[in-house]
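J.: So the sequences go chain by chain: A and B. Here our numbering is used: position 221 in the first sequence is 221, and no number is missing along the way. Here our numbering is used: position 36 in the second sequence is 36, and no number is missing along the way.
Please keep in mind that the hints were generated in silico from the structure rather than gathered at the bench. A quick note: this is a predicted structure, and the numbers were derived from the prediction, not measured. Glycine included, each C-beta is placed from N, C-alpha and C at the ideal position. Misleading hints may appear alongside valid ones.
Partial list, derived from the structure: chain B residues whose beta carbon lies under 10 angstroms from chain A [as the list claims (entries may be wrong)]:
#1 E10
#2 I88
#3 F100
#4 A236
#5 F240
Just a sample of chain A residues kept apart from chain B, beta carbon distances all over 10 angstroms, derived [as the list claims (entries may be wrong)]:
#6 M1
#7 Q20
#8 G37
#9 I47
#10 R66
#11 H91
#12 G125
#13 V140
#14 S166
#15 I168
#16 R173
#17 E189
#18 G203
#19 T233
Spelled out, the chains give:
Number of protein chains: 2
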Amino acid sequence: MVKNFKLIIEYDGGAYHGWQRQKNERTIQADIEQALGAMTGQAPKLIGSGRTDAGVHALGQAAHFRCDTDLTADVFLRGLNSLLSDDIVIHSCRRVDDGFHARYDAKSKLYQYRILNRDRPKAVGRQYVWFIRQALDCRVMRACLAHLIGRHDFKTFQGSGSPRSSTIRTIMRADLSESEQGALVIDLEADGFLKYMVRSIVGTVVEAGRGKITPLEFKSILASGDRSRAGATAPAKGLFLVAVTY
Amino acid sequence: MVKNFKLIIEYDGGAYHGWQRQKNERTIQADIEQALGAMTGQAPKLIGSGRTDAGVHALGQAAHFRCDTDLTADVFLRGLNSLLSDDIVIHSCRRVDDGFHARYDAKSKLYQYRILNRDRPKAVGRQYVWFIRQALDCRVMRACLAHLIGRHDFKTFQGSGSPRSSTIRTIMRADLSESEQGALVIDLEADGFLKYMVRSIVGTVVEAGRGKITPLEFKSILASGDRSRAGATAPAKGLFLVAVTY
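Isolated chain A (complex conformation) (with noise of 0.2 angstroms):
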């Protein structure tokens, strides 16, 4: 009988080339495709609830696989865990309905973005902070980010390649918070992202925080639709895919 089967992964993205499969390089999906062919001896398709690029991370990306077959979810979460890298956790694996869709289902994504905004930058852990010695201005940063909260079209900060038919998405979470040392984190939540368009926004944000936009601005940068007048893409270790609600 065909079962379909729903997990939750951590990985560190840092040594892969991002989520998709892709030829003749290391991915996330392509991993655990080969995990799950090896388990059922057949090629269940992993789809994700979206692609994350290359060096991102994340905490709790969705996925589902469809099989026939007769091992348990539970046996799934065991056999996966022993098979894959360290990189890779999977931190839950449940039978769902037959129409679940990781993707199509997915309601919102959180995604975080940290930085080390400090003098000095750190050893331990520096392969997950954006690291900015010039200090921001974090009133600044968050008079932006209230700007994003709602409907918009967010072609301006949108990356080239996989254009979407609507650049038109919700955002419902634009938050920034301190905490100890200068680390900032940059939390947005919307129904669907474009590519790159946590990164160029936060590349903006930290523009504005720089002092060389101001919250106006970015509010007429957003409106206008124009890349070009975007920051620049903020760096992939610094990215988290947090959580995906259905």
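Please build the complex by placing chain B on the supplied structure of chain A, with the hints as guidance.
T.: Then chain B, alone, in the frame of chain A:
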């Protein structure tokens, strides 16, 4: 004029064979001495507060070097950070009294050991924790740690090699704290540590947390001076030298 400089150093020890200079191995001391040599054209010796073993990390290792130089502390700070690999960050460099000695003058050292105790390992940051699946009894572990406080002979917890003339040390602090999702942190502060002492203590305390040793047995193991009764040495990757007090 010969000047004396003190450094505070953070490092990710994962790729290093420890602090101490060795032939044909990459070590923290050797990397920093090489950078000092490049900056001064001399060969200053860098004296650390003590060695850390292969794979152990530091957030605040202290060290000093003497050098006949016109370079200022600030020039050393910037120069070293630009020459060193990203695994090593110098957090401060300042001139100190000629008599200051990073090892002999150290009053106490604080080490931290990080454990992840839950059903599932993690991918992100796994290089900095000891993952233990079996549930540990934190109350029992705390009761063991309490027996360490004070002046004791720690011969039980001394690794082979590098024996010290005295194995008596004073532990001022031995705490276990729990944070989110099974993250356990053991803090140990003492006037000095023997080789492998923290990792040997942690390995034994974990045995107690697993129910294999009672706190009273732990106390007797400490008193016995018999290394064969100590638990296995905990992995290096969970250990951090946090700070050295002078």
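J.: With reference to the structure, classify each hint as holding or not holding.
T.: Evaluated hints:
1. E10: Nearest chain A Cβ about 5 angstroms off; hint holds.
2. I88: Result: holds, 6 angstroms to nearest chain A Cβ.
3. F100: Not OK, violated: B:F100 not within 10 angstroms of chain A, min 22 angstroms.
4. A236: violated, 13 angstroms
5. F240: Holds, about 7 angstroms.
6. M1: holds, 28 angstroms
7. Q20: About 18 angstroms separates A:Q20 from the closest Cβ of chain B, which puts it past 10 angstroms; holds.
8. G37: Holds, since 21 angstroms exceeds 10 angstroms.
9. I47: holds, 20 angstroms
10. R66: holds, 24 angstroms
11. H91: violated, 6 angstroms
12. G125: violated, 7 angstroms
13. V140: holds, 28 angstroms
14. S166: Fine: 32 angstroms to the nearest Cβ keeps A:S166 off the interface.
15. I168: Per Cβ check, A:I168 is outside 10 angstroms of chain B; nearest 32 angstroms; holds.
16. R173: holds, 20 angstroms
17. E189: Consistent with the label, A:E189 stays out of reach of chain B, its closest Cβ about 19 angstroms off (over 10 angstroms).
18. G203: About 21 angstroms separates A:G203 from the closest Cβ of chain B, which puts it past 10 angstroms; holds.
19. T233: holds, 21 angstroms
In summary, the numbered hints that this structure violates are 3, 4, 11 and 12.
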